[in-house]
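Chemist: Letter by letter, the chains look like this.
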Amino acid sequence: MERIIEKGLLVNTLVPALVLFGIAFMMVVIAYGMESVVHGVHDMFHDFRHVIGMPCH
Amino acid sequence: MAINLSCWKKNIFLCILAGVVWGWVAMAVNNLTGVSPLEMGLAHNLITFSMAGAVFGLVAGGVLTIVEKRLPTRSVVLKAAGVSASIWLLLRSAGVVLSMLQPVRYHVSTPESVQGFALALFLGCILGVLWKRGLSAVTE
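Chain order of the listed sequences is A and B.
Numbering (our numbering) for the first sequence: 1167 to 1223.
Numbering (our numbering) for the second sequence: 399 to 538.
Mixed in with the good hints there might be a few duds.
Claimed, not checked - To give an idea of the interface, some chain B residues facing chain A are shown, with a C-beta separation under 10 angstroms as derived from the structure:
1. 442
2. 450
3. 471
4. 496
If you are wondering where the hints come from, they were derived from the structure by calculation, not from laboratory data.
C-beta: ideal position from N, C-alpha, C; glycine also.
Please put together the full structure from these sequences, using the hints given.
Modeler: What follows is the structure in structure tokens.
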């Protein structure tokens, strides 16, 4: 029974939380154009960043 | 706190859809206002705005899933708009700090910020409307 509860907890809480954290990190990388994380992301999303009002050069 | 996985899965598509539509609307609004002249071509921007919009939609939807029942208002649209605007404000606040640390690298523009905040509210509205319709369609 403990195993079932642990598995349920893992699937229902940990996995979605990690997925959301990963996507939120992607959002931050896009929003600030963090070249040190993903090469080329600054130029790729340059227009988007300006349109949504995020600071850029 | 456990997240309702079935609800989560059900709303992923809605979040992506809302985000992609929002990305295209953001492009159209910017073309109308002329706040930020776009440097890339239409095809490039259609792809990047769709991708970035989907990411923003997923984050807004994910946070909405977690905090939906804790927010004081009953309207899903208001809740989604509040969540979306809060995420934007958080990002923008960190951007202000970055611009203070590196003024040349991170330059702040007020007209772009006003447009961005309005667009963030609009993302919440799209997400809220789709969320409401999606949930009502499932419960019917």
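Chemist: Any of the earlier hints contradicted here, and which numbers?
Modeler: 3
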